[in-house]
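With the hints in hand, could you dock these two chains into one complex?
So the sequences go chain by chain: S and U. Quick note on numbering: the first sequence equals residues 1 to 224 in the numbering used here. Quick note on numbering: the second sequence equals residues 1 to 230 in the numbering used here.
A portion of the hints provided could be inaccurate.
Here are the computed distance ranges between Cβ atoms for each label pair [unchecked claim]:
1) S:L5 x U:G90: 44 to 54 Å
2) U:E132 x S:K219: 26 to 36 Å
3) S:I37 x U:V136: 51 to 61 Å
4) U:K225 x S:R61: 22 to 32 Å
5) U:L146 x S:L132: 49 to 59 Å
6) S:L197 x U:G90: 22 to 32 Å
DSS-like cross-link-like pairs, simulated, lysine-lysine; straight-line CA separation at most 30 Å [said to hold, decoys possible]:
7) U:K128 x U:K140
8) S:K22 x S:K130
9) S:K45 x U:K217
10) U:K128 x S:K215
11) S:K215 x S:K22
12) S:K219 x U:K128
13) S:K122 x S:K51
14) U:K49 x S:K219
15) U:K49 x S:K215
16) S:K22 x S:K191
17) S:K142 x S:K130
18) S:K51 x U:K217
19) S:K22 x S:K219
20) U:K135 x U:K217
21) S:K137 x S:K191
22) S:K51 x S:K130
23) U:K141 x U:K128
24) S:K219 x S:K130
Don't read these hints as lab results, they were simulated from the structure. Note that beta-carbon positions come from the ideal geometry of N, C-alpha and C, so glycine has one too.
Residues per chain are reported as follows:
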Amino acid sequence: MDISLMAVSLPKLLSATVVTLKLLTLSLFFGLIIGLIFAILRLNKNPFINKFAYAYSYVFRGTPLLVQIFIIYFGLGQIEYFRATFLWVIFKEPYWCAIIAFALNTGAYTSEILRSAFETIKPGIIEAGKSLGISNKIIFYKIQIPVAIRQSLPAYGNEIILMMKGTSLASTVTIMDLTGVAKHIVSTTYKPLEVFLLAGSIYLFMTFLIHNLIKYLEKKYSFQ
Amino acid sequence: MDLLSFGKTGWGDELFYATLMTIAVSITALLIGFLFSVIFTPLKLSNNKFLNFIANSYTTVIRGVPELLVIYLFFFGGSGAIMYVASIFGYFEYIEINAFITGSLAIGIISGAYSTEVFRGAIQSVDKGQFEACKVLGLKKHIYFLKVIMPQMLRLAIPNLSNVWQITLKDTSLISVTGLVEIMRQSYIAAGSTRDPLFFYSFAAVLYLMLTYLSMKLINRLEVKYSRGF
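Isolated chain U, as found in the complex (with noise of 0.2 Å):
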């Protein structure tokens, strides 16, 4: 126990503030995932087979290839990426990007992939006369989908979003790669130097699985919130 006091001594604030990185890494992923979907997802449902081809090459590549790689071309790849970008520009110091920003990011483009998908089937598992009703109605367009298209599709979305959160979530150890300290990194600096692989990397597994404890119970409460009435 006594590794994990607090203070010069113990590694507990370190894995705390480690913990909240994680969460805060997640969340932003999260976050830049929706924004992706939110572009993604009507592309997606458009009748535009060209646009149709764009979202679909986005989700498909994405999730058929493994996270690690991804954040590998981004860690590695974006600084030259940037740095190629500043060129053209005239600029040509050596740019280093924040490990936060490649990290969500790279994570984030990641879970806007799943969760364009469960937008588009939540969309699409609205009934159909909702749609027409509207049109009968002559709601504009903007209006009937935030109003009476989005709740009941969030409805449908909230089960399988809880899944990508937990995608998400989970994908965050991997850019401990980058050198970013959250639970993972944080975990493998100190079994390093205090030679305890086995006690730091289980309390990461409790770390973790408190995490997707805790915001399963959060996300039960916002399933009952948005059934209301079903």
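Same shape as in the complex, but just chain S (with noise of 0.2 Å):
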């Protein structure tokens, strides 16, 4: 073990936490509001529009994160057309072109999980609104969804770490995140024992802070 390599990669592995958690928050907002439009879709009585919303999360489900990254940063940029877009600014972009497979990614499993949470909602709660003549589009954005998501919340937690454990992926598009940076000392040092385990531990932590932030939140918003 080489303590003073450790004490060294420390600073940098942090800084390259900040990498890693900026690019966790920004694919987990955007993969929540992709998430709630999906889930929304596969819950429209139009056999056309729930069967495009259920294709889009079984294909992004059934397939690696890498591969997703992979087609979104080598392969749209080989389309002329596409970078004669303006979209080609955000797509030239390692960072961005993670940041939009990631959410693409997690928005897929978040449209499961909110899915089978207004799936599970007792039917008795939007009857109770109805009896009390609150209009549908009430009943849905106050009694709806804030029941949903107190219901998906220990299931997207997991999704949460599970994504967290996803932004790895970011550091073979040459982004520097933990796990690049991670990579990079140890090609210069050949030290892979002792900075490995030391990215791992942040990780580590990482999870453990999400894992009781999350049961935080359910206890408070518990229904007792």
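Here is the structure:
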């Protein structure tokens, strides 16, 4: 064990952790919006719309995240027409490509989580709202969404942790996140054990924090 | 379509073998994972605090750390560790470990953490009365586990094991960073030499989708088989 190397690389790894956290929060933010939209589409009566939403979540859940990142980062740049559009400003940056891939991926899982939460809401709650004369729109925004969010908290907490681990794939498209920096240090010092153990502990600490945050939220918003 | 033809000009045969490699790594990793869960599930369920602690640290650490990092640790640290052990025994040559073995071992350890949790949950959900009945009947411990608890546990475990299988299958794509030629690596090579990444990565996605779809069909059959009588 090379303790001095660990001491030297810790500040570098910690500043890379900020990149990881930024990737995580941005992807979760966009992923939640995408997930909510697709969960609502899944509940749509129109078979064409809900099949489309199902296909989206099936494809993104059935393929590895690595393939998704590579298609978006290496693949899309190949289309001449695409490069001429204003979107190219975003898609030429590996950082945004990674965030788009992560957001689409976590969006697919989130849509499944929210859909099952919407489906398991007790009909009595909605009927109670209706019998009080509350409009459908307000029932949806003020009753269904909060209850669904509460019900999906445990599953969503898992998804946050999975996504946090997923951000390590950003290092494959040249982003210097926690894994990227750890790998860089290893390739210059050739001390894999020390550096990867340190990076692993930082990830583990983040998992621990997220896990406890979700537990706290679950308690806070429980129905009792 | 020319790109996918078999033979020298196309990538069809290469991708076909790469798909077989992905399947081989996934199955090996899943089996290694089962081996780990056979060891760690009893530790998790035991009354000994220390054994509990070991099993819990295994599942918590592995499930809390990115898969890619575990693979890097194995790939970069693996040969170093083995060479260190070998140097104790007086062997100082450079040892390179096979990418297939390191890869499936790394994925297997990850997969094992998930399947340990699944088996633990399944055993705990078997009705308490079944355990008591076995004790009352005076069945030997290994018989009552194999003949009574195991069949009931499998029925409960199979739906979740199919999730573990999916996770394992998708995780194998990460081994491509170590140079093992599976679907992802082969697509990377093909994309590099034809300058057509969009096509090859999309095709890789289709291959993975096909594998997940087919394995789900197969697992559903197993599920029906093991749920007989319920």
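Given hint K51 of chain S paired with K122 of chain S - CA-CA distance at most 30 Å: With Cα atoms ~25 Å apart, K122 of chain S and K51 of chain S stay inside 30 Å; holds.
Range agreement (Cβ of G90 of chain U with Cβ of L197 of chain S, hint 22 to 32 Å): 28 Å, holds
Proposed proximity, K217 of chain U with K45 of chain S (alpha carbon, max 30 Å): Judged against 30 Å, a Cα distance of about 27 Å means the pair holds.
30 Å limit on alpha-carbon distance, applied to hinted pair K22 of chain S and K191 of chain S: 27 Å, holds
Proposed proximity, K219 of chain S with K49 of chain U (alpha carbon, max 30 Å): 27 Å, holds
Restraint check for K22 of chain S with K219 of chain S, where alpha carbons must lie at most 30 Å apart: 27 Å, holds
Straight-line alpha-carbon gap K135 of chain U to K217 of chain U, limit 30 Å: 38 Å, violated
Cβ distance range 44 to 54 Å for L5 of chain S and G90 of chain U, holds or violated: Violated, at about 28 Å.
Satisfaction of the hinted span 49 to 59 Å by the C-beta atoms belonging to L146 of chain U and L132 of chain S: For L132 of chain S against L146 of chain U, whose Cβ atoms are near 57 Å apart, the range 49 to 59 Å holds.
Proposed proximity, K130 of chain S with K219 of chain S (alpha carbon, max 30 Å): 28 Å, holds
Restraint check for K51 of chain S with K130 of chain S, where alpha carbons must lie at most 30 Å apart: 29 Å, holds
Proposed proximity, K215 of chain S with K49 of chain U (alpha carbon, max 30 Å): Status holds; Cα separation ~24 Å.
Checked against the numbered hints above, the structure violates hints 1, 8, 20 and 21; every other hint is satisfied.
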